[in-house]
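What follows is the residue order along each chain.
Protein chains: 2
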Amino acid sequence: MAGTPPRSPLAPEQFPNLPRIGGVSFSAVAAGVKYQGRTDVMLAQIAPGSSIAGVFTKSSTRAAPVLDCQAKIGGDSDAGAAVIVNSGNANAFTGKNGIEATRAVTNAVASALDLPETRVFSSSTGVIGEPLAHDRITAKIVELQATLDEDAIEAAAEAIRTTDTFAKGAGAEINLHGSKVSIAGIAKGSGMIAPDMATMLVYIFTDAQIERADLQAMVSELNEVTFNSITVDSDTSTSDSLLIAATGASGVDVTNNADFKTALHGVMKDLALQVVRDGEGATKLVEIQVTGALNDAEARTHGLSIANSPLVKTAIAGEDPNWGRIVMAIGKSGATADRDLLSIRFGDVRVADKGWVCPDYHEDDGATYMKQSNLVIGVDLGIGSGKSTVWTCDLTHGYITINADYRS
Amino acid sequence: MAGTPPRSPLAPEQFPNLPRIGGVSFSAVAAGVKYQGRTDVMLAQIAPGSSIAGVFTKSSTRAAPVLDCQAKIGGDSDAGAAVIVNSGNANAFTGKNGIEATRAVTNAVASALDLPETRVFSSSTGVIGEPLAHDRITAKIVELQATLDEDAIEAAAEAIRTTDTFAKGAGAEINLHGSKVSIAGIAKGSGMIAPDMATMLVYIFTDAQIERADLQAMVSELNEVTFNSITVDSDTSTSDSLLIAATGASGVDVTNNADFKTALHGVMKDLALQVVRDGEGATKLVEIQVTGALNDAEARTHGLSIANSPLVKTAIAGEDPNWGRIVMAIGKSGATADRDLLSIRFGDVRVADKGWVCPDYHEDDGATYMKQSNLVIGVDLGIGSGKSTVWTCDLTHGYITINADYRS
Chain A
1 MAGTPPRSPL APEQFPNLPR IGGVSFSAVA AGVKYQGRTD VMLAQIAPGS SIAGVFTKSS
61 TRAAPVLDCQ AKIGGDSDAG AAVIVNSGNA NAFTGKNGIE ATRAVTNAVA SALDLPETRV
121 FSSSTGVIGE PLAHDRITAK IVELQATLDE DAIEAAAEAI RTTDTFAKGA GAEINLHGSK
181 VSIAGIAKGS GMIAPDMATM LVYIFTDAQI ERADLQAMVS ELNEVTFNSI TVDSDTSTSD
241 SLLIAATGAS GVDVTNNADF KTALHGVMKD LALQVVRDGE GATKLVEIQV TGALNDAEAR
301 THGLSIANSP LVKTAIAGED PNWGRIVMAI GKSGATADRD LLSIRFGDVR VADKGWVCPD
361 YHEDDGATYM KQSNLVIGVD LGIGSGKSTV WTCDLTHGYI TINADYRS
Chain B
1001 MAGTPPRSPL APEQFPNLPR IGGVSFSAVA AGVKYQGRTD VMLAQIAPGS SIAGVFTKSS
1061 TRAAPVLDCQ AKIGGDSDAG AAVIVNSGNA NAFTGKNGIE ATRAVTNAVA SALDLPETRV
1121 FSSSTGVIGE PLAHDRITAK IVELQATLDE DAIEAAAEAI RTTDTFAKGA GAEINLHGSK
1181 VSIAGIAKGS GMIAPDMATM LVYIFTDAQI ERADLQAMVS ELNEVTFNSI TVDSDTSTSD
1241 SLLIAATGAS GVDVTNNADF KTALHGVMKD LALQVVRDGE GATKLVEIQV TGALNDAEAR
1301 THGLSIANSP LVKTAIAGED PNWGRIVMAI GKSGATADRD LLSIRFGDVR VADKGWVCPD
1361 YHEDDGATYM KQSNLVIGVD LGIGSGKSTV WTCDLTHGYI TINADYRS
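Protein chains in written order, with my numbering: chain A, 1 to 408; chain B, 1001 to 1408.
Same shape as in the complex, but just chain A (with noise of 0.2 Å):
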């Protein structure tokens, strides 16, 4: 990585308190699998009796440790686990040599932790095809685990950045039945790390009590709406993967409760429009909200349209109200249109009814919109009940910069 990459303009103004979660403790260390003079390898014990999650890219090129990790998810244990994240290298097209690698580094964490293999979880980013240097991260594990620290999470956070721009973090403290629950979440995504692809990582962790089977189906199902929502470029890492770990130590059971999903949904989004504002370039974030489709997956396809859409993120990069654009999408998407029945506003600015440029639309009125840096597209099929909302970023020069860059 030659040099920091100036913080974006969309970033937090700093990294939030986030709370301590019982039973979870971090660390960072240097371990220079590619960079040098920075932490590169992060490490989360986790207590016995939690319940561990996850979701994890469909690319059918996915990388070694994502492969392990779903053996390993669907597992109920009482024993305690960890997790394992390497920046620099994303021990991904490496054949055999990238499942031995994973196994190194998951088993020397398991043997110094007194953990079963199959409780230890990895995650490795950066660059694909070069052989992990899995010796440089086993030789850390003694200093790992000598520094792990209940208050370490943002350390872990910026261990896990490539060319993210900023450490990302969020987190939520509920009242339930009387106790406080806790959440906290990192991630990790949008910077891009020369020569490879942008990468989503997304580790949360949470002190409520529920069973693995219930977890994985509340962060499933969440995740449809917050990280399955956002697009940056319309390209899928090989390594995106999310885990999620219920320490159970506030004692407090969250089995189907409405207020901890909402918390858990509320992080999730939050880290998930985290990712979107530190997207390669990005001037703008923008949310797209479809209403009115034949159903929600088709409202879907069609907000994914627009969002996906170079010619949509460059008019917006450029300010420009452009809605022909946005009919241009939703023409291509696949999904049910109809011309003359379709609306488009910008923020609260009407913009086109039914088929047709509003009367009373000014282009000023447009053009004086697009000037934020948060957008609201809106767009009414006037077909159904159908509704999606996604996030995206605008396309400018600086995405050309970062990703046409030879690698040096």
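Just so you know, the hints here were simulated from the structure itself, not pulled from any lab data. Accuracy of the hints is not assured; some may be wrong.
[As the list claims (entries may be wrong)] Some chain A residues judged to face chain B by a derived CB distance under 8 Å, without partners named:
#  : residue
1  : R62
2  : A104
3  : I128
4  : P310
5  : L311
6  : G318
7  : V327
8  : G331
9  : R339
10 : G355
11 : V357
12 : C358
13 : P359
14 : T396
15 : A404
Here a beta-carbon is modelled for each residue, glycine too, at the ideal position from N, C-alpha and C.
For this one, chain A is given, so just place chain B on it according to the hints.
What follows is chain B alone, placed relative to chain A:
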């Protein structure tokens, strides 16, 4: 259109010498639909007895003239025919107004040339959502009719440009059964008209003799491997149209004739690649050859996933032999792939073989290859015998500059 954009570095040296097609004549005028000081309407008159076929955008928000062409195209007729095309305004998202504008233009041509209204086909390309000033076009029908000329095809190609950086033409002459059969085609596309999307229009003429249904079947099949296999930015126009007219003037029946089909394929591929060569900001023409897929459809899905990936396209712009991004694009495509059977090459440079970088691959070889203007990326899935070839261009700062400029 503010100023003339620089000619694409991938443009052919000059407009080709196209064969005269018996039974077809052309004219072009400056009607001032939007642009000033240049031609913007073309007319083609086609002799009685010609067969006419077409292929149109599948966009659900397609423009009024596209809907009108689709309603007319299936009809057999011994009457003559005409094609009228304007640039500067797409007559799209214009409601009833758009239907009336299309009718006004086609009826005026029908009346002037003494044709049934059902035999006048029209296209419009340019700004979306603004009413088409159809009276400016109808006021020029007399002049268009008076200047019809068998040798004016280049003038027609010039008149349909929006911000295309060059006029596009391709032709072929073949000998069949001792007689000469000719094909001449023109196209516009991938130039950008502030404030709208790229739009592809294609008109092909031949003096071959063939029934409408046979011509339609042949052009539909060839369209899949030519115009439907190119992508500049994954965005689909509301106006894409291809029309072909076979006048029969050569007296040569080409029904199911393989030589004619090969010649037509050549003309269509030539025009399609000219559209990519004029892709916004393009500096590289990229052919993606996918083999070994489960079937041809899956090969095409993989090919388009690579061709539309912003990360692959920016890597090509940066002359970066970044095969990791190709692995990523294959993984996200949704079609079948096995990471450990996948092989990749840049031209003749073997990069990865069965899921692992080739031991004799040197990055310098890949980097040297990527400096060329015309690139071939080969991907073998190692699964079946499905294959497909698609074409794209790189994604550069030029694309952002062209498309993020605010409308003036």
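Evaluation of the provided hints:
| no. | hint | verdict |
| --- | --- | --- |
| 1 | R62 | holds, 7 Å |
| 2 | A104 | violated, 18 Å |
| 3 | I128 | holds, 3 Å |
| 4 | P310 | holds, 4 Å |
| 5 | L311 | holds, 5 Å |
| 6 | G318 | holds, 3 Å |
| 7 | V327 | holds, 5 Å |
| 8 | G331 | holds, 3 Å |
| 9 | R339 | holds, 5 Å |
| 10 | G355 | holds, 5 Å |
| 11 | V357 | holds, 5 Å |
| 12 | C358 | violated, 11 Å |
| 13 | P359 | violated, 12 Å |
| 14 | T396 | holds, 6 Å |
| 15 | A404 | holds, 3 Å |
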